[in-house]
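Peer 1: The primary structure of each chain is shown beneath.
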Amino acid sequence: MKETKLLTRRVGKYEPLDLKGYEADGGLVALKRALAMGPESVIEEIKRAGLVGRGGAGFPTGPKWAMAAGEEQGPKYFICNAEEGELGTFKDKVLLDGDPWMVLEGILIAAYAIGAKQTYIYINGEYEQTIQLWEKLVVEARKAGFLGDGILGSKFSVNLQVVKGKGLYITGEEFALISSLETRRAASRLKPPYPTQKGLFGRPTVVNNVETIANVPVILANGVEAYRKLGVEGEPGTRLFSLSGAVKESGVYELEVGSGTLTEFIDEFGRGTSSGRPVKAVQPGGGTSALLARASLGCKLTTQAIRQAGSEIGTAGVIVYEEGSSAVDIVKGLLKFYGSESCGRCAPCRIGVVRMREIIEKVFQGEGTTEDLEQLRQIGKACVAASTCGMGQAFPLPVLSALELFPQDFEAVIENR
Amino acid sequence: MQKFKMETYQNLVKDVGGVTAENLFMFLGKVQEAFGYVPREVVRDVAARTGFSETRIYGALTSYRDFKVRLECDD
Amino acid sequence: MKEVCLTIDGREVTVPEGTMILEAAKSVGIDIPNLCYDSRLKPAGTCRMCVVQIEGRPGLTISCNTPVAEGMEVCTDNDEIAAIRKTVLELLLSEHRVACTSCDKDGACKLQDYAYRYQANEGRFGLPERRPVKPNYATNNKAILYDPDRCILCGLCINYCEEVQKAEALTFGGRLGQLEVSTAFGIDLQESSCVLCGGCVEICPTGAMLDRAAIGKGREKDLTRTRTTCAYCGVGCQIDLNVNLKTNKIVRVTSEVGCIPNDGNLCVKGRFAMDFVASEKRLASPLIKRNGEFEKATWDEAINFIAERLTKIKTQNGPDSIAGLSSAKCTNEDNYIFQKFIRASIGTNNVDHCARLCHASTVAGLVRAFGSGAMTNSIDELKNAACIFVIGSNTSEAHPVIALNIKEAVAKNGAKLIVADPRQIDLVRFAELHLPQKPGTDVALINAMMNVIISEKLLDSDFINERTEGFDAMAEALKDFTPEKAEEITTVPAEKIRQAARIYAGALTASIVYSMGITQHTTGTDNVLSLANLSMLTGNVGKESTGVNPLRGQNNVQGACDLGALPNVYPGYQSVEDPQIRAKFEKAWAKELPPNKGLTVVEFFHAVETGDIKAIYIMGENPALSDPNLNRTRKALEMVDFLVVQDIFLSETAQYADVVLPSFCFAEKDGTFTNTERRVQRVRKAVTPPAGARNDWEIVCEVATKMGYQMQYDGAETIMNEIASITPIYGGISFDRIDSVGLQWPCTDKDHPGTKYLHKEKFTRGMGKFHPVEFKAPAESTDAKFPFVLSTGRQLYQFHTGTMTRKSAAINQVSPTGYVEIHIEDAGKLGIADGDSVEVVTRRGRVSTLAKVTRSIESGWLFMPFHFREGPANMLTIDALDPLAKIPEYKVCAAAIKKNS
Ligand SMILES: Cc1cc2nc3c(=O)[nH]c(=O)nc-3n(C[C@H](O)[C@H](O)[C@H](O)COP(=O)(O)O)c2cc1C
Ligand code: SF4
Ligand code: SF4
Ligand code: SF4
Ligand code: FES
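Residue numbers (our numbering), protein chains in the order written: chain D, 1 to 417; chain R, 1001 to 1075; chain L, 2001 to 2901.
I should point out that these hints are in silico values taken from the structure, not numbers from a laboratory.
Honestly, I wouldn't trust all of these hints.
When the alpha-carbon atoms are kept at most 25 Å apart in a straight line, the in silico BS3-like pairs for lysine-lysine are as follows [what the hints assert, rightly or not]: (1) L:K2457 / D:K381; (2) L:K2591 / L:K2457; (3) L:K2412 / D:K191; (4) D:K191 / L:K2002; (5) R:K1030 / D:K136; (6) L:K2249 / L:K2383; (7) L:K2281 / L:K2296; (8) D:K191 / L:K2807; (9) D:K117 / D:K136; (10) L:K2086 / D:K198; (11) R:K1030 / D:K143; (12) D:K136 / R:K1014; (13) L:K2807 / L:K2249; (14) D:K198 / L:K2166.
The structure presented is a predicted model; accordingly, all values stated were derived computationally and were not measured.
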């Protein structure tokens, strides 16, 4: 198993602010091509490339752009989502720091395709240096004529505002992100209407993940055919996997979709578990993805295969737990984080996440009963079934899977009483 | 962190080239960084500049961990 | 609109495209549980109780925000759904301090209902910890209580405030764990942008928000709801008086979503100002003044005394020496009886009421132009108008619920709003254009708009040719009235006048809304005629969502006019001078009637001075505070030989009376009021009246009978039947027809559906008539001694002379006393600070009041509300009259102001 450096090809190869370096290494070809093609053709190419979102929800990118482009009422907005708040996920930072011009190029192409003049990049507040870099990048880009009026001598004008995130996981969710840019509460909203219909300031808006956007210049520069040669049927290209947890080597690795199994990935790139004990469980798609037990780790690294195994590829943040750790600890750790991250908008998530956190703490203290486990299941199911956004719908998934896969861990702390 | 002064604040407004609905959130971030909180005077002022109500801005600010609407005494 | 067919729980349902599943289910009587749905609001989607299963979709979907689709199969309840709902409820209850035993909401609480329905276990996920009680935004408010321990954070109160009331006083504050409803920075509600409409309290599904004054006074099961019409203002909101029969007290006021015309919305007065009904100051016995002191008297004594004195004055000085002031606060039935008494029993047409002081010029103007002196269209139609031109109406304060319709038109349907008002009124926030014209220059403004419309050929020639007459003469008169000329007179920039003209004329449907800012001028009739011209010029009358729409002030001012409490017409605007009509009434009333029209109200007070009027009978009015140039009015009240006042309180006017008769208030009466959109609506008795008081119409009947003219009715319904029999426009009105929804006149017979908008196809007078209108300056202009223009008017929290509203603690908290508004620069020059005591002086009087320094008024102008007896603005106003309508010029006089030392 080896990396396929498609998006990360240039990472570390040029000084991040050095536009010339970027250009010398094949940069800006895509933008020039896009401006020559016209917006409709750009969207068509992205559709044909079969690009799907890398932010967690896996929504096809071309159709999303087409929806916003098809709305009559402007102005339109494009937002690059660089909040990267999901547990076990730190891949976007690699691109933001290592090849910012490519991300910027993607943003410009996206804005051009949907007809947006104002764009935003919303960067996780903890990435302080990244934010500084991007603020400088905007200045450079403006100087070089990539932001402002008449980009590259065309009629296309666009601006980019760098926004520092405010330390809330929920602002990674697209509507909560939009709300914060509107100076509203950091909270999700009902759909419909979708952001592509009524997004920022009530106008058509596309929100894309950094990695998604980084694919765009690659597709346009190399052509759809070349792009589709990578990956598997229905899921072309590569993915950036973040690997963390109980592994010897954590890091971000760009792999061709379907190039290996989870076990291979953990063994070859993570060099096995920290202690050398076997893997107990893995969250393959970030902190809100369901746990997979060891027996399921033979699945390929594709959306379909992981789903069949019982989880989701999500943000491709692979979190490894090794034998010896208790599912109770795992769940407690997750709920400790998510337990204060609900936006509070909808009843089941707002109250459920807090109750579940309290219950698991009680169980962890050895004061739990089987009734408590039943309550965890009951609340978890209600949240999944009745919450508004991905937060409430997903945070219980690892809990429910833990209860199902490792009942003995829970019984152990209860019986110990 | 500096003590809140209307003058310093006005300079911040100048630095961003005027406060509008589109940059308000980013701008309030700068106010927070400069003074450690977003004073009521500021909310009143930016409300007038953007047409957003003070209620909305206050409600928004209190939903973020990193925004404060009162100076916290360190006791 | 396209119809969509789907099945819900196996039943076929057809609804318009875009309908949400929850609403579609409701339309066939399937009630999907919900804690955050309200038809007036965008779906909040916070409670998640309304989840349903849709065939072919994974998991559950909320039904309040999922539009129907063709062929969709929906299941609204099964074991899986019930289990989820139950869990959600149990989660809510784990945060809700259950205290049904002492909660006002017991029995009317949705949380309680559903908890019962799903047998939710309140302790399943633990009981909430008792949080330390700390002050919140409503702690110091006298109207509203907020208890975060009972709040389920559904957001309805916040959304209502933002979407319907558009006050944006409330928001969620804080983060998970400390989330609660708050104002900005937690300031007291009364310091916020709240207008105290109480909508948040009523919409709250739990007991988290309560009407503070009602706490402990009755739960759902202790209360009886009586649907009636609000007694404040001409909107005519339908309200439910929630009465505790054990205490005979109105505990709270609610209103049903969906009711016409207010859709469950109310303003502060309807909601929180019912205290007056049970006030200890209510009159409970007739009073006769002897040697300058009031003494209690029996009803027999009082009636005998009045009959004797009036008979004597009538024989000695003739019937025309007596005048009657009827009341826009009383019912249609009261007004009908009162004018019948004055005309048939006394034998004079000297009957009038306060419409003279607010909308006489509307009647005079619109009758001349269209043939009918009332609001042409309906309140509800405003929502769909493409353009709304508001002039001389501070709608948000004077007709708050109509203002909601205007705001909705702008916010939801993209209507273009033009506001012409000297002040920066609330509606300006929603306006495309604000034209701050100098007070008293409306004709110039409107003429210039028409000049633009004609010169830019934006007029509707077909309409003008087919439906109107007199166009050429009017167009000729406008020829030189350019926007530049108007700019000199009005101070409104010419370009803005052009824009206004283009917006108004360019809209598919354009409604004009006006009120006393137009009518209360010496040129009131001219102003109204100008607006009528404008509407006809562009074909914006006689169609839905267009028209010329005067907003009537008092609750039943429309009805009092309709029922003939006017010196020139019988009920239904039938002229007293027309012999045929007179003959009809003589036959119906079995009495010969006087052939000449009578005096108007300001005229009768002037006639007291000349000795022509010797006696005045006043039913439910307070001219000693409401009429212009009060010193003169009060002198007349003092001078007149015999004064009878029938009222619920010993008002300023009653103090001058020789006999005072205590009457019932609206909550104790049966009858009808007619609202500003001509809708005749029921008034119903909800509480038992004070022991010594009597019904207004019964008192008048007794006096008439005692004076030898038999008047006897067994109830309001019989009176309405008599009205219907001789008043063509009310011909089809009867109590059973208006039992649930009122009817709009003209409604000529039992099968007539009522009239939504007037002048469809044909004007009441046949052809619409254009009138050339010249600009005339106001009666009094400013000079060195009186350099300010003073306008008077109304304020949201008060009604008329404050006799009713000022009995409410909630209102007194926010509107304790009178004030004068002055521009911040003028105040600066005169050394006046906000809240300073100042003296305002005019040629007629001087008044001390408090200064309210503001930017919402232009420099050089002053504004005073007229409700306050301690700073009676009408000491200052001028009694110069419009020559046709005889309405006084309340809106413009010259004044000076100085700081009191
Ligand atoms: C609770 C929550 C947090 C999220 N956080 C992120 C995030 O940090 N970054 C991101 O790109 N998408 C995040 N998403 C997904 C976004 O809502 C959205 O789907 C995504 O940005 C769309 O981009 P894509 O189509 O390029 O994937 C989050 C979603 C939820 C429900
Ligand atoms: S699911 Fe949770 S995070 Fe999402 S809207 Fe509901 S309360 Fe907010
Ligand atoms: S009373 Fe009306 S204006 Fe005041 S907070 Fe409630 S809804 Fe808003
Ligand atoms: S106060 Fe009532 S209406 Fe407002 S959020 Fe709480 S429960 Fe809902
Ligand atoms: S009624 Fe649908 S979520 Fe509350």
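Peer 1: Between K2281 (chain L) and K2296 (chain L), is the straight-line Cα distance small enough, at 25 Å or below?
Peer 2: 15 Å, holds
Peer 1: Are the Cα atoms of K136 (chain D) and K1014 (chain R) separated by 25 Å or less?
Peer 2: Holds, because 19 Å separates the two Cα atoms, which is no more than 25 Å.
Peer 1: Can the restraint linking K117 (chain D) and K136 (chain D) be considered satisfied, given a maximum Cα separation of 25 Å?
Peer 2: 20 Å, holds
Peer 1: Verify the proposed pairing of K2086 (chain L) with K198 (chain D), using a straight-line Cα cut of 25 Å.
Peer 2: 33 Å, violated
Peer 1: Tell me if the straight-line CA distance from K2807 (chain L) to K2249 (chain L) falls inside 25 Å.
Peer 2: 15 Å, holds
Peer 1: For the pair we were handed, K198 (chain D) and K2166 (chain L), check the Cα-Cα distance against 25 Å.
Peer 2: Cα-Cα ~21 Å, so holds.
Peer 1: Quick one, are K2457 (chain L) and K381 (chain D) close enough, alpha carbons at most 25 Å?
Peer 2: With a Cα-Cα distance of about 67 Å, the restraint between K2457 (chain L) and K381 (chain D) is violated, given a limit of 25 Å.
Peer 1: Assess, step by step, whether the Cα of K2412 (chain L) is no farther than 25 Å from the Cα of K191 (chain D), and give holds or violated.
Peer 2: 19 Å, holds
Peer 1: Under the criterion that the straight-line Cα-Cα distance not exceed 25 Å, is the pair K1030 (chain R), K136 (chain D) satisfied?
Peer 2: Since the Cα atoms of K1030 (chain R) and K136 (chain D) sit roughly 17 Å apart, the hinted pair holds (cutoff 25 Å).
Peer 1: Take the C-alpha atoms of K2591 (chain L) and K2457 (chain L), compute the straight-line distance between them, and say whether it is at most 25 Å.
Peer 2: 56 Å, violated
Peer 1: Does the structure keep K191 (chain D) and K2807 (chain L) at a Cα separation of 25 Å or less?
Peer 2: Given pair K191 (chain D), K2807 (chain L) is violated - Cα atoms ~47 Å apart, limit 25 Å.
Peer 1: Next pair to validate is K191 (chain D) with K2002 (chain L); report whether the Cα-Cα distance is within 25 Å.
Peer 2: Holds. K191 (chain D) to K2002 (chain L) sits at ~22 Å (cutoff 25 Å).
When each numbered hint is compared with the structure, violations occur for hints 1, 2, 6, 8, 10.
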